[in-house]
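Novice: The listed protein sequences derive, respectively, from chains E and Y. Our numbering applies: residue 55 is where the first sequence begins, and numbers increase by one. Our numbering applies: residue 55 is where the second sequence begins, and numbers increase by one.
Bear in mind the hints are in silico, worked out from the structure with no lab data behind them. Just so it is clear, the structure is predicted and the values come from calculations on it, not from any experiment. Warning: the hint list may mix true and false statements.
In this list, chains with the same sequence are indistinguishable; a pair is considered to hold if it fits within one copy or across any two.
[What the hints assert, rightly or not] Using 20 angstroms as the maximum straight-line C-alpha spacing, the simulated DMTMM-like pairs for lysine to aspartate or glutamate come out as follows:
{"no.": "1", "residue 1": "K355", "residue 2": "E269"}
{"no.": "2", "residue 1": "K282", "residue 2": "E177"}
{"no.": "3", "residue 1": "K90", "residue 2": "E190"}
{"no.": "4", "residue 1": "K200", "residue 2": "D284"}
{"no.": "5", "residue 1": "K267", "residue 2": "D312"}
{"no.": "6", "residue 1": "K101", "residue 2": "E112"}
{"no.": "7", "residue 1": "K267", "residue 2": "D163"}
{"no.": "8", "residue 1": "K352", "residue 2": "E172"}
{"no.": "9", "residue 1": "K371", "residue 2": "E197"}
{"no.": "10", "residue 1": "K267", "residue 2": "D284"}
{"no.": "11", "residue 1": "K282", "residue 2": "E213"}
{"no.": "12", "residue 1": "K165", "residue 2": "D358"}
{"no.": "13", "residue 1": "K151", "residue 2": "D354"}
Number of protein chains: 2
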Amino acid sequence: MLKPGTRLVTLLILTAAPPVAAQDPLASWNDTGPKKTILEFVGKVTKSGSADFVAPAERIATFDNDGCLWAEQPMYFQLAFALDRVKVLAPQHPEWKTQEPYKSLLAGDLKAVLAGGEKSLVEIVMATHAGITTEEFATVVQEWTKTARHPKTGHAYTEMVYQPMLELLAFLRRNGFKTFIVSGGGVEFMRAWAEGVYGIPPEQVVGSAIVTKLEMRPTGPVLLREPKMDFVDDGPGKPVGINSRIGRRPILAFGNSDGDLQMLQWTAAGAGERFMGIVHHTDAAREWAYDRTSHVGKLDKALDEATARGWTVVDMKADWTRVFPFTR
Amino acid sequence: MLKPGTRLVTLLILTAAPPVAAQDPLASWNDTGPKKTILEFVGKVTKSGSADFVAPAERIATFDNDGCLWAEQPMYFQLAFALDRVKVLAPQHPEWKTQEPYKSLLAGDLKAVLAGGEKSLVEIVMATHAGITTEEFATVVQEWTKTARHPKTGHAYTEMVYQPMLELLAFLRRNGFKTFIVSGGGVEFMRAWAEGVYGIPPEQVVGSAIVTKLEMRPTGPVLLREPKMDFVDDGPGKPVGINSRIGRRPILAFGNSDGDLQMLQWTAAGAGERFMGIVHHTDAAREWAYDRTSHVGKLDKALDEATARGWTVVDMKADWTRVFPFTR
Numbered sequence: 055m056l057k058p059g060t061r062l063v064t065l066l067i068l069t070a071a072p073p074v075a076a077q078d079p080l081a082s083w084n085d086t087g088p089k090k091t092i093l094e095f096v097g098k099v100t101k102s103g104s105a106d107f108v109a110p111a112e113r114i115a116t117f118d119n120d121g122c123l124w125a126e127q128p129m130y131f132q133l134a135f136a137l138d139r140v141k142v143l144a145p146q147h148p149e150w151k152t153q154e155p156y157k158s159l160l161a162g163d164l165k166a167v168l169a170g171g172e173k174s175l176v177e178i179v180m181a182t183h184a185g186i187t188t189e190e191f192a193t194v195v196q197e198w199t200k201t202a203r204h205p206k207t208g209h210a211y212t213e214m215v216y217q218p219m220l221e222l223l224a225f226l227r228r229n230g231f232k233t234f235i236v237s238g239g240g241v242e243f244m245r246a247w248a249e250g251v252y253g254i255p256p257e258q259v260v261g262s263a264i265v266t267k268l269e270m271r272p273t274g275p276v277l278l279r280e281p282k283m284d285f286v287d288d289g290p291g292k293p294v295g296i297n298s299r300i301g302r303r304p305i306l307a308f309g310n311s312d313g314d315l316q317m318l319q320w321t322a323a324g325a326g327e328r329f330m331g332i333v334h335h336t337d338a339a340r341e342w343a344y345d346r347t348s349h350v351g352k353l354d355k356a357l358d359e360a361t362a363r364g365w366t367v368v369d370m371k372a373d374w375t376r377v378f379p380f381t382r
Numbered sequence: 055m056l057k058p059g060t061r062l063v064t065l066l067i068l069t070a071a072p073p074v075a076a077q078d079p080l081a082s083w084n085d086t087g088p089k090k091t092i093l094e095f096v097g098k099v100t101k102s103g104s105a106d107f108v109a110p111a112e113r114i115a116t117f118d119n120d121g122c123l124w125a126e127q128p129m130y131f132q133l134a135f136a137l138d139r140v141k142v143l144a145p146q147h148p149e150w151k152t153q154e155p156y157k158s159l160l161a162g163d164l165k166a167v168l169a170g171g172e173k174s175l176v177e178i179v180m181a182t183h184a185g186i187t188t189e190e191f192a193t194v195v196q197e198w199t200k201t202a203r204h205p206k207t208g209h210a211y212t213e214m215v216y217q218p219m220l221e222l223l224a225f226l227r228r229n230g231f232k233t234f235i236v237s238g239g240g241v242e243f244m245r246a247w248a249e250g251v252y253g254i255p256p257e258q259v260v261g262s263a264i265v266t267k268l269e270m271r272p273t274g275p276v277l278l279r280e281p282k283m284d285f286v287d288d289g290p291g292k293p294v295g296i297n298s299r300i301g302r303r304p305i306l307a308f309g310n311s312d313g314d315l316q317m318l319q320w321t322a323a324g325a326g327e328r329f330m331g332i333v334h335h336t337d338a339a340r341e342w343a344y345d346r347t348s349h350v351g352k353l354d355k356a357l358d359e360a361t362a363r364g365w366t367v368v369d370m371k372a373d374w375t376r377v378f379p380f381t382r
């Protein structure tokens with residue numbers, strides 16, 4: 055039997071604890087357009103019995119990585135990894151002392167390296183990403199994420215992730231979405247840390263890849279990374295990668311550059327409710343401001359198409375109360 | 055307050071309902087070695103706090119499809135699909151009347167088609183699997199699974215799945231495993247029906263693939279299937295596919311032929327508790343009996359290695375009480 059007065063006590067307890075719904079799932083987003091659009095979209099597709107309802111199995115959300123989940127200035131972080139790796143490997147390659155682009159790189163002349171264009175960069179990536187097993191490569195990447203520091207912030211690269219996007223990933227997963235990375239970055243580079251940083255398991259990371267080859271060694275089978283591209287997950291490659299690796303069309307996609315345009319178009323072309331989002335880097339004070347003329351993360355055609363088609367463009371400066379977890 | 059006698063009523067109810075644990079999760083498996091090994095393995099890796107415990111995220115299980123989850127005689131079912139499709143497409147290809155291997159095929163002379171070897175088969179597969187969009191192909195496959203019937207049993211091909219393996223898939227999933235198909239079969243062919251038949255979603259199906267290309271049409275973007283191989287998920291390709299698509303090493307793998315040997319070796323080479331299984335087709339009465347000399351699903355080297363290394367070999371005749379869902 056309840057004693058008299060119990061009801062009052064219960065009411066007091068209920069009043070003291072804030073209702074769960076009052077906790078803002080997107081606390082680092084201002085109450086501006088993008089946040090409202092996201093909340094409305096998720097509300098619609100998860101409302102059982104509504105015309106817009108989407109079964110959990112179909113709630114596929116795909117995110118670009120560079121410039122969308124983590125920063126990408128002053129250069130793609132994977133390129134920073136490759137450059138650091140050249141220095142580590144230099145003692146094993148005495149020929150690099152006289153051979154470009156290594157000579158310039160080891161002399162600290164990054165400008166000369168970049169002047170060599172894509173050819174130089176591809177050569178550096180192959181020299182630093184291939185020739186070892188998949189397990190060795192994962193270890194190398196993990197070690198790098200622990201020690202390397204971003205030149206501007208002094209933080210680990212894996213800390214330079216966008217707090218509002220971490221909240222969005224978690225919010226979507228709590229609402230039955232399966233969150234995927236679909237990025238031009240290397241798939242094995244990202245998998246080495248994506249689960250710890252984003253809560254996205256390896257099997258939900260789609261990225262560019264080099265060829266791997268099975269080799270039987272006395273100690274057992276290994277997969278050797280070869281210096282040859284297998285798949286470029288960028289631009290028109292993104293719908294191809296989504297189809298070949300995921301096999302379902304996303305109902306939500308987020309990108310930030312022209313390399314994401316086809317992924318956004320592919321997502322938009324499906325039936326039913328859709329969400330297409332673009333992170334627009336507008337915040338020179340807290341991060342960087344760049345778009346149409348940037349060499350990294352160029353956003354031009356996709357920005358025009360977003361405007362024309364009413365996709366959600368996140369103005370980082372206006373729409374995010376916080377950028378990185380470590381600072382406002 | 056409970057009334058006197060309540061406790062007795064509660065006990066009666068508990069006695070009347072069988073305890074959940076008493077329901078056999080592998081009811082179509084005899085209480086022979088393989089079943090015991092499976093139950094012991096799953097018990098070990100899911101026992102929290104034990105030395106063999108494996109976190110749910112790492113509980114990756116991979117299954118071959120042809121001859122492991124569904125039957126594969128008298129020919130791979132996907133080849134039956136391709137042959138049926140030649141007949142459907144023949145009116146659009148008048149040249150096939152005089153052109154091999156189509157001429158023989160349309161005349162019903164399968165022997166002459168098969169005499170053409172791999173070259174003929176690849177040509178037939180390309181002619182029947184490419185030239186349409188990914189969505190059109192999925193529809194074509196789904197229509198075929200509804201209407202086509204197996205020449206021996208008269209059942210739909212998608213009914214010729216192994217009941218014991220369906221139970222195993224469900225049992226593993228209830229124990230926190232993520233179940234994947236890793237098959238030499240076409241990934242888009244399998245995805246068209248794998249979720250309905252096995253409960254395995256598209257993003258957990260790894261298979262062979264042809265090239266797809268993004269094409270912008272006035273009605274929107276499509277992915278066009280091109281007559282060119284992109285990836286062969288067989289033999290040494292299986293560890294490559296597991297690594298590129300899943301990105302984690304399985305702790306359990308099941309196959310039935312030499313094409314699965316490298317997947318089993320790759321699985322065995324990981325640290326901690328492992329389960330490697332082979333379905334051995336020993337039952338000429340309920341299914342088919344074949345192994346070392348079969349043209350379909352040849353099991354020779356993998357059978358020797360299984361014996362040498364103590365992997366689990368399922369003797370279909372002795373170890374399964376039921377083969378297909380529709381019959382014992």
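Novice: State for each hint whether it applies.
Specialist: Hint-by-hint comparison with the structure:
1. Within a single copy, K355 and E269 get their C-alpha atoms only as close as 44 angstroms, which misses the 20 angstroms cut-off; across copies the closest is 18 angstroms, which meets it.
2. In the homo-oligomer, the alpha carbons of K282 and E177 lie at most 20 angstroms apart inside one protomer (10 angstroms), although the nearest pairing across protomers, at 28 angstroms, exceeds that limit.
3. For the homomeric pair K90 and E190, neither the shortest alpha-carbon distance inside one copy (44 angstroms) nor that between copies (36 angstroms) is at most 20 angstroms.
4. For a Cα distance limit of 20 angstroms, the shortest separation of K200 from D284 qualifies neither inside one copy, at 28 angstroms, nor across copies, at 36 angstroms.
5. For a Cα distance limit of 20 angstroms, the shortest separation of K267 from D312 across copies, 18 angstroms, qualifies, whereas the shortest one inside one copy, 32 angstroms, does not.
6. Taking CA atoms no more than 20 angstroms apart as the test, K101 paired with E112 passes inside one copy only; the shortest distance there is 14 angstroms, against 32 angstroms between copies.
7. In this assembly of identical chains, K267 and D163 lie within 20 angstroms of each other by CA distance neither inside one copy nor across copies; the values are 35 angstroms within and 39 angstroms between.
8. For the identical chains of this complex, K352 and E172 are intra-copy neighbours only, at 16 angstroms inside a copy versus 47 angstroms across copies, given an alpha-carbon limit of 20 angstroms.
9. Within a single copy, K371 and E197 get their C-alpha atoms no closer than 33 angstroms, and across copies no closer than 51 angstroms, so neither meets the 20 angstroms cut-off.
10. Both within a single protomer and between protomers do K267 and D284 lie at most 20 angstroms apart by alpha-carbon distance, with minima of 11 angstroms and 15 angstroms respectively.
11. Taking the closest pair of Cα atoms, K282 and E213 never come within 20 angstroms of each other, the shortest separation being 31 angstroms inside a single copy and 42 angstroms across copies.
12. In the homo-oligomer, the alpha carbons of K165 and D358 never lie at most 20 angstroms apart, since the shortest distance is 31 angstroms inside one protomer and 58 angstroms across protomers.
13. For the identical chains of this complex, K151 and D354 are neighbours neither inside a copy (39 angstroms) nor across copies (52 angstroms), given an alpha-carbon limit of 20 angstroms.
In this structure, the earlier hints numbered 3, 4, 7, 9, 11, 12 and 13 are contradicted, and the remaining ones agree with it.
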